[in-house]
Amino acid sequence: MLAPPQGPKRTPVPRIAAFGGAYANPHALEAMLADARARGCERIFSLGDLGGFGAECDAIWPLLVEHGVECIAGNYDVAIGRGDPDCGCGYADERDNRFAQIMYDTTRASTSAGFAAWMHSLPRERREQIGGADVHMVHGSPLAVNDFLWESLSDDELRMRLSLGGAEVLLCTHTGIPWQRRVDGCLVVNVGAVGRPANDGRRATWYAVLDLDQGRASAELVPVAYDWRAQAASMRAAGLPEPFVETIETGWWTTCLEIVPPAERSRGRFHVYRQGLPSGFEDPRGAGFADPRPPEGDDRPVMSLFGTAAFPARLWIYTNFHCNLACDYCVVASSPRARRRTLSLERVRELVDEAVDEGFSEVYLTGGEPFVHPEIVAMLEYASDRIDTVVLTNAMLFGGRRGDELRRLAGRDRLVLQSSLDGAHPETHDRWRGAGSWSAAMRGIASARELGIPLRIAMTETPDNRDEVEELRSLLAAVGVSGSDFAVRPLVARGFADELETGLTVSAGVMAPELTVTADGVHWHPVGADLESSPDLLVAAGEVSLAEAKRAIVERFLELRQADGTLPPPFACAVGA
Numbered sequence: 015m016l017a018p019p020q021g022p023k024r025t026p027v028p029r030i031a032a033f034g035g036a037y038a039n040p041h042a043l044e045a046m047l048a049d050a051r052a053r054g055c056e057r058i059f060s061l062g063d064l065g066g067f068g069a070e071c072d073a074i075w076p077l078l079v080e081h082g083v084e085c086i087a088g089n090y091d092v093a094i095g096r097g098d099p100d101c102g103c104g105y106a107d108e109r110d111n112r113f114a115q116i117m118y119d120t121t122r123a124s125t126s127a128g129f130a131a132w133m134h135s136l137p138r139e140r141r142e143q144i145g146g147a148d149v150h151m152v153h154g155s156p157l158a159v160n161d162f163l164w165e166s167l168s169d170d171e172l173r174m175r176l177s178l179g180g181a182e183v184l185l186c187t188h189t190g191i192p193w194q195r196r197v198d199g200c201l202v203v204n205v206g207a208v209g210r211p212a213n214d215g216r217r218a219t220w221y222a223v224l225d226l227d228q229g230r231a232s233a234e235l236v237p238v239a240y241d242w243r244a245q246a247a248s249m250r251a252a253g254l255p256e257p258f259v260e261t262i263e264t265g266w267w268t269t270c271l272e273i274v275p276p277a278e279r280s281r282g283r284f285h286v287y288r289q290g291l292p293s294g295f296e297d298p299r300g301a302g303f304a305d306p307r308p309p310e311g312d313d314r315p316v317m318s319l320f321g322t323a324a325f326p327a328r329l330w331i332y333t334n335f336h337c338n339l340a341c342d343y344c345v346v347a348s349s350p351r352a353r354r355r356t357l358s359l360e361r362v363r364e365l366v367d368e369a370v371d372e373g374f375s376e377v378y379l380t381g382g383e384p385f386v387h388p389e390i391v392a393m394l395e396y397a398s399d400r401i402d403t404v405v406l407t408n409a410m411l412f413g414g415r416r417g418d419e420l421r422r423l424a425g426r427d428r429l430v431l432q433s434s435l436d437g438a439h440p441e442t443h444d445r446w447r448g449a450g451s452w453s454a455a456m457r458g459i460a461s462a463r464e465l466g467i468p469l470r471i472a473m474t475e476t477p478d479n480r481d482e483v484e485e486l487r488s489l490l491a492a493v494g495v496s497g498s499d500f501a502v503r504p505l506v507a508r509g510f511a512d513e514l515e516t517g518l519t520v521s522a523g524v525m526a527p528e529l530t531v532t533a534d535g536v537h538w539h540p541v542g543a544d545l546e547s548s549p550d551l552l553v554a555a556g557e558v559s560l561a562e563a564k565r566a567i568v569e570r571f572l573e574l575r576q577a578d579g580t581l582p583p584p585f586a587c588a589v590g591a
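Residue numbers (this note's numbering): 15 to 591.
Derived from the structure by calculation, the hints contain no laboratory data.
Among the clues, some could well be false.
As the list claims (entries may be wrong) - Simulated DEER-style distance windows between Cβ atoms:
{"no.": "1", "residue 1": "Glu165", "residue 2": "Ser488", "range": "57 to 65 angstroms"}
{"no.": "2", "residue 1": "Arg243", "residue 2": "Ala561", "range": "35 to 43 angstroms"}
{"no.": "3", "residue 1": "Ala158", "residue 2": "Gly128", "range": "22 to 30 angstroms"}
{"no.": "4", "residue 1": "Ala158", "residue 2": "Arg243", "range": "34 to 42 angstroms"}
{"no.": "5", "residue 1": "Thr264", "residue 2": "Glu515", "range": "32 to 40 angstroms"}
{"no.": "6", "residue 1": "Asp481", "residue 2": "Asp550", "range": "33 to 41 angstroms"}
{"no.": "7", "residue 1": "Asp550", "residue 2": "Glu56", "range": "50 to 58 angstroms"}
{"no.": "8", "residue 1": "Leu77", "residue 2": "Ser358", "range": "52 to 60 angstroms"}
{"no.": "9", "residue 1": "Ala252", "residue 2": "Leu77", "range": "17 to 25 angstroms"}
{"no.": "10", "residue 1": "Asp72", "residue 2": "Asp367", "range": "45 to 53 angstroms"}
For every residue, glycine included, the Cβ atom is placed at its ideal position computed from N, Cα and C.
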């Protein structure tokens, strides 16, 4: 029987390599070992989990021996060595454990008795002076072999674990995602996994190279390019589930997601198990949501949040916040005196281009009153040339020069105008929106209809108009607005209406996100786009990319979901979507 290779307890070697999670992937391991030698690494350490995920566990053993790799045991090696019934990975979710069991059963079946005995003889940790530095090597953490040291852990959470050892360098793995950070003088390095991609969309895997000289330590996280096609073919030949193989081929994790914290999970392509999404979103028209995407592959157990009814592929852009009206229930406190927060034509064009690249299906331009923006027509032309576009307006400013410009929007198949009427009679509407606003809105709606611009109308429910819904529906049908192009939405206790007793109380915890961009930053939902009255719904301040905005919203979504195990329901701002 081969003996576990062991090195000396003290050595002046200045450069070492450390890897974790070989995961029965000899193709990646062989490439990594060659790379480490080419970089001048004089000692190479394995932090455990030699089997799992792949199908060729026994092929790992000769590579370790040939290259003199010094090994400690991970939870997989402990379990295989003892003949345990499961991997002891530390998962809490039953779906994570189901996929982990498939991996473990494959590893047990493909591991020889000799290799299992060899694993059983490995130490659980290693600690020695290397290059003058006190180096502690573990699989999970000093706390437990299956403890997860995620990058998103706070310094205090790391200190608790570091206090158990007190080394100058801590090397760990287990999470499969590489990172490094200094905490109170200790260099913490999670070396990632060499046998599986790091959920970053790259097929490459990872290990770490450390320079240790006279007590000074530095680390480089190194990607490993290898023959991933050979690994995928090996896994398919062994009959492993296709989602496992997909991870090798794409770099995205498709299983065991629930253990991953929101910060790390939001960076991946997939965020929840399919059965983890709630029911009740099947009729997006009734909820005011964009149509969900069709499922991406029937056999994949996980899915992205974005593009589902839980996070629709709809982008809201506040072109400005000043308005010709000061409606009593305006959720973003718009008025002629509001802080303008105007977006430039160039910025809106950038957002539209990003929206197309990021997979959004439609863009909503709103305010304030967008038609007080001098460049709104150019914005709408640019947007509707590229993506389905809706503009929300009170329809009162369609005369004179603006009326002439409005003609430029006639005949655009991808443009819809959405306006508001809050009653079938002027006095009902004007009580909340201002004298003369109902008649002006009706004239504007007629002007848009004459130009052939598609229309949608929303009525915000107030104590004064609840009995006028059917009357207004009939009135609108007479001017060509009917069916799903008319909707009634509740009054929300935000902005000017934050103290109204009849207002609906909303928050990120009870309202599914619709990504909203203003001059102040990115917001959870258009009803919370005013930073002064809804600071809790700001997701990211300043100008950020839509890719990062989507990630930040997914992260907050997952944090809220973890808090009570539920997903927030929709709240409608759009009509007929």
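Any of the earlier hints contradicted here, and which numbers? 2 and 5
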